[in-house]
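Protein chains in written order, with my numbering: chain F, 463 to 830; chain C, 463 to 830; chain W, 463 to 830.
Hints may be right or wrong, so weigh each one.
Claimed, not checked - Straight-line distance between alpha carbons at most 20 Å, and here's what the computed SDA-like set of lysine to any residue pairs gives:
| no. | chain 1 | residue 1 | chain 2 | residue 2 |
| --- | --- | --- | --- | --- |
| 1 | W | K502 | C | K502 |
| 2 | C | K502 | F | R605 |
| 3 | W | K670 | W | Q718 |
Said to hold, decoys possible - A short list of chain W residues far from chain F (calculated; beta carbon distances all over 10 Å):
| no. | residue |
| --- | --- |
| 4 | L509 |
| 5 | Y575 |
| 6 | R601 |
| 7 | I638 |
| 8 | N651 |
| 9 | M706 |
| 10 | V753 |
| 11 | V770 |
| 12 | E797 |
Everything labelled a hint here was simulated from the structure, so no lab data went into it.
Where a beta carbon is used, it is the ideal one built from N, C-alpha and C, also for glycine.
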Amino acid sequence: MAAIYSGTEATLKTLAYQHILSVEQFTPDVLEALFGLAQKMDRQVALGRSDSILTHRIVANVFYEPSTRTDLSFQAATQRLGGRVITTAGGVHYSSVTKGESLHDTVKTIACYSDAIVLRHPNRGAAREAAAASDALTRAMHRPTPIINAGDGTGEHPTQALLDLYTIKDRFGADIDGLTVGFLGDLRNGRTVHSLLKLLAIDRCHVKVICIAPESLSMPPEYVEFARSREMPVSQTQDLQGVMQQVDVLYVTRVQRERFVAQKLDDLAAQVYGLPYENLDGQRKEALRPVAELNAAQEYLAARDAYVVDPMMLSQARQEMIVMHPLPRVNEIPEEVDSDDRAYYFRQVQNGLYIRMALLAAVLDCLG
Amino acid sequence: MAAIYSGTEATLKTLAYQHILSVEQFTPDVLEALFGLAQKMDRQVALGRSDSILTHRIVANVFYEPSTRTDLSFQAATQRLGGRVITTAGGVHYSSVTKGESLHDTVKTIACYSDAIVLRHPNRGAAREAAAASDALTRAMHRPTPIINAGDGTGEHPTQALLDLYTIKDRFGADIDGLTVGFLGDLRNGRTVHSLLKLLAIDRCHVKVICIAPESLSMPPEYVEFARSREMPVSQTQDLQGVMQQVDVLYVTRVQRERFVAQKLDDLAAQVYGLPYENLDGQRKEALRPVAELNAAQEYLAARDAYVVDPMMLSQARQEMIVMHPLPRVNEIPEEVDSDDRAYYFRQVQNGLYIRMALLAAVLDCLG
Amino acid sequence: MAAIYSGTEATLKTLAYQHILSVEQFTPDVLEALFGLAQKMDRQVALGRSDSILTHRIVANVFYEPSTRTDLSFQAATQRLGGRVITTAGGVHYSSVTKGESLHDTVKTIACYSDAIVLRHPNRGAAREAAAASDALTRAMHRPTPIINAGDGTGEHPTQALLDLYTIKDRFGADIDGLTVGFLGDLRNGRTVHSLLKLLAIDRCHVKVICIAPESLSMPPEYVEFARSREMPVSQTQDLQGVMQQVDVLYVTRVQRERFVAQKLDDLAAQVYGLPYENLDGQRKEALRPVAELNAAQEYLAARDAYVVDPMMLSQARQEMIVMHPLPRVNEIPEEVDSDDRAYYFRQVQNGLYIRMALLAAVLDCLG
Numbered sequence: 463m464a465a466i467y468s469g470t471e472a473t474l475k476t477l478a479y480q481h482i483l484s485v486e487q488f489t490p491d492v493l494e495a496l497f498g499l500a501q502k503m504d505r506q507v508a509l510g511r512s513d514s515i516l517t518h519r520i521v522a523n524v525f526y527e528p529s530t531r532t533d534l535s536f537q538a539a540t541q542r543l544g545g546r547v548i549t550t551a552g553g554v555h556y557s558s559v560t561k562g563e564s565l566h567d568t569v570k571t572i573a574c575y576s577d578a579i580v581l582r583h584p585n586r587g588a589a590r591e592a593a594a595a596s597d598a599l600t601r602a603m604h605r606p607t608p609i610i611n612a613g614d615g616t617g618e619h620p621t622q623a624l625l626d627l628y629t630i631k632d633r634f635g636a637d638i639d640g641l642t643v644g645f646l647g648d649l650r651n652g653r654t655v656h657s658l659l660k661l662l663a664i665d666r667c668h669v670k671v672i673c674i675a676p677e678s679l680s681m682p683p684e685y686v687e688f689a690r691s692r693e694m695p696v697s698q699t700q701d702l703q704g705v706m707q708q709v710d711v712l713y714v715t716r717v718q719r720e721r722f723v724a725q726k727l728d729d730l731a732a733q734v735y736g737l738p739y740e741n742l743d744g745q746r747k748e749a750l751r752p753v754a755e756l757n758a759a760q761e762y763l764a765a766r767d768a769y770v771v772d773p774m775m776l777s778q779a780r781q782e783m784i785v786m787h788p789l790p791r792v793n794e795i796p797e798e799v800d801s802d803d804r805a806y807y808f809r810q811v812q813n814g815l816y817i818r819m820a821l822l823a824a825v826l827d828c829l830g
Numbered sequence: 463m464a465a466i467y468s469g470t471e472a473t474l475k476t477l478a479y480q481h482i483l484s485v486e487q488f489t490p491d492v493l494e495a496l497f498g499l500a501q502k503m504d505r506q507v508a509l510g511r512s513d514s515i516l517t518h519r520i521v522a523n524v525f526y527e528p529s530t531r532t533d534l535s536f537q538a539a540t541q542r543l544g545g546r547v548i549t550t551a552g553g554v555h556y557s558s559v560t561k562g563e564s565l566h567d568t569v570k571t572i573a574c575y576s577d578a579i580v581l582r583h584p585n586r587g588a589a590r591e592a593a594a595a596s597d598a599l600t601r602a603m604h605r606p607t608p609i610i611n612a613g614d615g616t617g618e619h620p621t622q623a624l625l626d627l628y629t630i631k632d633r634f635g636a637d638i639d640g641l642t643v644g645f646l647g648d649l650r651n652g653r654t655v656h657s658l659l660k661l662l663a664i665d666r667c668h669v670k671v672i673c674i675a676p677e678s679l680s681m682p683p684e685y686v687e688f689a690r691s692r693e694m695p696v697s698q699t700q701d702l703q704g705v706m707q708q709v710d711v712l713y714v715t716r717v718q719r720e721r722f723v724a725q726k727l728d729d730l731a732a733q734v735y736g737l738p739y740e741n742l743d744g745q746r747k748e749a750l751r752p753v754a755e756l757n758a759a760q761e762y763l764a765a766r767d768a769y770v771v772d773p774m775m776l777s778q779a780r781q782e783m784i785v786m787h788p789l790p791r792v793n794e795i796p797e798e799v800d801s802d803d804r805a806y807y808f809r810q811v812q813n814g815l816y817i818r819m820a821l822l823a824a825v826l827d828c829l830g
Numbered sequence: 463m464a465a466i467y468s469g470t471e472a473t474l475k476t477l478a479y480q481h482i483l484s485v486e487q488f489t490p491d492v493l494e495a496l497f498g499l500a501q502k503m504d505r506q507v508a509l510g511r512s513d514s515i516l517t518h519r520i521v522a523n524v525f526y527e528p529s530t531r532t533d534l535s536f537q538a539a540t541q542r543l544g545g546r547v548i549t550t551a552g553g554v555h556y557s558s559v560t561k562g563e564s565l566h567d568t569v570k571t572i573a574c575y576s577d578a579i580v581l582r583h584p585n586r587g588a589a590r591e592a593a594a595a596s597d598a599l600t601r602a603m604h605r606p607t608p609i610i611n612a613g614d615g616t617g618e619h620p621t622q623a624l625l626d627l628y629t630i631k632d633r634f635g636a637d638i639d640g641l642t643v644g645f646l647g648d649l650r651n652g653r654t655v656h657s658l659l660k661l662l663a664i665d666r667c668h669v670k671v672i673c674i675a676p677e678s679l680s681m682p683p684e685y686v687e688f689a690r691s692r693e694m695p696v697s698q699t700q701d702l703q704g705v706m707q708q709v710d711v712l713y714v715t716r717v718q719r720e721r722f723v724a725q726k727l728d729d730l731a732a733q734v735y736g737l738p739y740e741n742l743d744g745q746r747k748e749a750l751r752p753v754a755e756l757n758a759a760q761e762y763l764a765a766r767d768a769y770v771v772d773p774m775m776l777s778q779a780r781q782e783m784i785v786m787h788p789l790p791r792v793n794e795i796p797e798e799v800d801s802d803d804r805a806y807y808f809r810q811v812q813n814g815l816y817i818r819m820a821l822l823a824a825v826l827d828c829l830g
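Build the full structure now, drawing on both the sequences and the hints.
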């Protein structure tokens with residue numbers, strides 16, 4: 463472990479009982495302290511020791527969408543620290559949500575039983591809505607129940623960005639100035655790359671970012687602007703091979719056929735009807751689909767094939783670089799790459815545990 | 463917290479290793495002691511402290527139906543006291559039940575692994591059946607595993623009634639003589655109002671009950687008789703506005719369209735075929751549905767609109783009254799009411815935790 | 463409890479951090495020590511005491527198929543010993559598997575969060591594949607995460623065989639030489655009988671085995687050979703009545719109509735097309751089904767009726783024999799048999815807890 467962090471746990475007091483909704487809440491100081499604590503958690507787990515600092519604390523995992531990594535790592539993080547987990551067995555769909563209960567009421571209810579709520583939801587903004595519900599209850603009950611955003615649709619996934627940045631520093635040291643970070647794949651829809659790009663900028667890292675994506679899946683301008691306004695240079699290309707030798711970090715994401723089709727549907731809806739696709743009636747939606755599928759096919763196949771990080775592609779990369787991926791992967795990194803020392807995606811998985819342990823300890827105010 | 467309870471925990475010895483199937487098992491003495499213990503649990507949780515009196519105890523949550531409040535609050539109650547939970551992940555449907563296993567065998571099996579079973583089941587009488595299965599195993603194994611009824615169809619939901627009565631006393635003091643309690647909505651099918659009405663009578667509370675419901679969803683005569691036989695006056699009305707000023711407690715329940723339709727189907731089946739609806743063949747059932755839907759529509763809409771407890775309606779109520787609801791709610795109480803001091807339904811949710819903590823401690827014989 | 467075991471816990475060191483994939487990994491010495499430890503666990507649970515030897519250990523339950531007994535007993539076993547459980551809520555189907563993640567990646571991921579993985583999977587060989595994935599991660603992380611096979615399709619279910627053999631010894635003593643063990647029902651597809659037959663042979667028990675099954679569901683020759691090569695006599699019959707008086711142990715399994723149909727489909731596919739059934743296209747598969755159903759019907763009904771162990775049948779059995787069943791049962795043992803002292807299937811369920819407690823303690827190296 464290369465990184466040496468100088469932050470102190472006292473800095474983490476600012477996270478106590480705060481909702482964790484967005485990477486924008488973090489500052490370089492808090493990140494420094496959080497990563498130092500995560501490193502401590504790593505050591506404890508490695509020694510087979512666990513603290514009991516979350517004894518008597520209950521964390522509720524509320525997942526409106528499937529998840530392996532986020533769900534299980536929060537379960538493990540809570541329990542590694544001696545806390546307890548309550549969970550909507552069978553996913554939240556096996557609950558009163560099936561009787562039409564609002565997110566507001568579900569959150570207020572679960573807040574009565576738990577000390578923090580980890581929420582995954584398909585809708586952008588759901589975490590913020592849940593936080594408002596929790597606050598409303600707090601006013602009545604004088605007891606805050608922080609919401610931790612574990613992914614809200616195309617919105618944010620802050621704990622993923624935290625573990626990603628932590629992993630980069632885990633490899634290259636706490637000071638990562640001068641690195642080149644490449645983002646590869648579907649940069650338009652991937653909330654993990656959006657969040658990580660923002661977090662790099664927030665952390666005032668002097669890194670250079672290269673966005674590598676097909677045109678229709680390129681990084682949305684608002685994120686590029688966010689980075690540039692914080693003096694982080696961002697360039698864009700469609701050519702992976704051309705930049706393979708430059709990157710110290712290659713952050714790979716899944717390219718899904720359906721995303722291309724969705725993009726084409728939007729384009730067609732605008733052209734043909736002058737309306738957003740989602741505003742069309744069912745019949746018109748159906749009418750556009752065959753053309754969209756056709757238009758998307760070639761672009762999808764090209765992107766899929768051009769953006770596979772296999773041993774051949776990796777042979778052109780630096781020896782000290784690392785390959786990251788938020789997982790699950792499908793075809794974009796073949797399994798044979800796993801044994802390459804540069805494959806860092808299961809290191810990310812591990813670090814997710816330590817970051818979430820650190821974050822829970824901070825949010826539940828269980829430090830020192 | 464207004465209530466002062468004089469019961470002692472020794473009284474709760476009578477609950478040790480007993481199945482909790484019905485409110486009829488309780489006596490005023492036991493209720494007094496249980497509510498006193500629940501109050502103690504409330505204080506402990508508020509102080510961030512938890513007892514470890516359930517250490518080494520395992521509670522199995524077995525839910526054949528979706529549930530948020532009951533499932534999660536039993537999970538939290540067990541763990542707040544240091545116990546452990548085992549649970550049929552994905553609901554019991556993700557288990558051997560899918561291979562045709564009987565409730566008997568499932569209960570006997572889970573009783574081998576746990577110290578108590580919390581059971582939610584769609585069929586009336588299922589909890590009693592489960593208790594018989596557990597007893598049969600006990601005879602063989604010399605080790606009782608109590609069943610706690612967490613709702614069995616249109617049957618009972620005793621822990622809900624306990625938390626409801628506890629909430630009323632939490633607000634008005636241990637002695638609630640002289641209060642007027644209004645039950646509103648679908649009183650025909652709502653097991654929570656059935657159980658609470660009975661529990662009020664069992665506790666020998668000198669309260670006055672007003673049942674407010676459309677004719678086809680009125681309180682079944684057996685419950686009214688049960689109350690009257692214990693000298694508890696029960697009146698009935700369809701007019702919420704007319705009694706709004708009288709009630710100290712307004713207990714609201716959901717009015718569901720499907721319940722009206724079911725009622726009409728029963729009526730039609732009797733008129734047309736002289737048979738109960740459920741005895742008809744598929745074709746006849748289908749034939750009755752359009753008429754039933756039509757007949758039900760107007761009545762449903764009238765009830766739905768007449769029985770909405772909104773700020774306008776509440777402006778006619780007493781200042782010291784409270785509004786209760788077992789949740790989930792749909793339209794019957796708009797969210798804007800939540801900030802009214804009289805809204806007590808999330809207080810109910812909280813109290814559910816304390817009551818279930820107290821009950822588990824008593825049933826598992828972990829007191830003193 | 464009749465059995466006296468002379469094994470010592472030191473022998474169990476050989477299981478530390480080992481994958482548990484097959485009964486073939488066990489030796490008579492290890493079995494002796496494991497059963498002695500299971501007996502100790504039994505006593506501890508009976509006394510309401512639990513050890514805390516798994517404190518700070520996390521066991522992941524990963525079930526790709528429904529399960530009541532195996533899932534819940536591993537949850538209970540872990541927690542009875544002070545460990546913690548993480549679980550893919552809603553079954554693993556409510557996870558990244560739905561996004562196409564491979565078993566390899568899922569196992570490697572969960573291995574990052576846990577100290578052991580209990581895996582149930584529909585495919586034969588899945589446990590071995592999972593073990594390879596875990597080993598690959600171990601090489602990278604210097605930290606082994608053992609896989610415990612909790613049933614992989616028609617492959618093995620080693621912990622079931624362990625609890626079955628333990629139950630026989632629990633009844634007849636550690637030395638079971640001279641007993642006659644009858645296996646009844648679907649011996650072709652039942653992985654529990656395959657595993658137990660092998661384990662009896664591995665343990666060098668001098669028992670006599672009688673396989674009682676309809677011809678099309680008879681014990682596969684490889685298992686019979688396995689036993690005979692270890693000097694364990696195995697005979698085969700279709701006549702339950704004829705051997706009822708001889709057996710000391712009657713191990714009953716479910717006879718499922720679908721198994722007969724599958725067998726007939728295989729036969730027909732070979733006759734008609736000269737191909738394995740699974741290689742046929744959809745249309746040909748459909749074409750064979752009606753005949754297969756017809757051909758199977760009579761055989762199924764005959765087997766189902768001939769192999770019911772009811773009080774009448776039991777009246778012909780020895781007084782000291784026992785009836786076992788891996789459960790769930792459907793019709794093959796009526797509930798009225800449960801009160802017979804010879805009914806040992808819920809004893810099996812209980813013993814499953816103790817065996818799994820012992821195994822977890824050994825595999826996680828938490829003994830002495």
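Find the hints from earlier in the document that the structure breaks and name them by number, from lowest to highest.
1, 3, 5, 6
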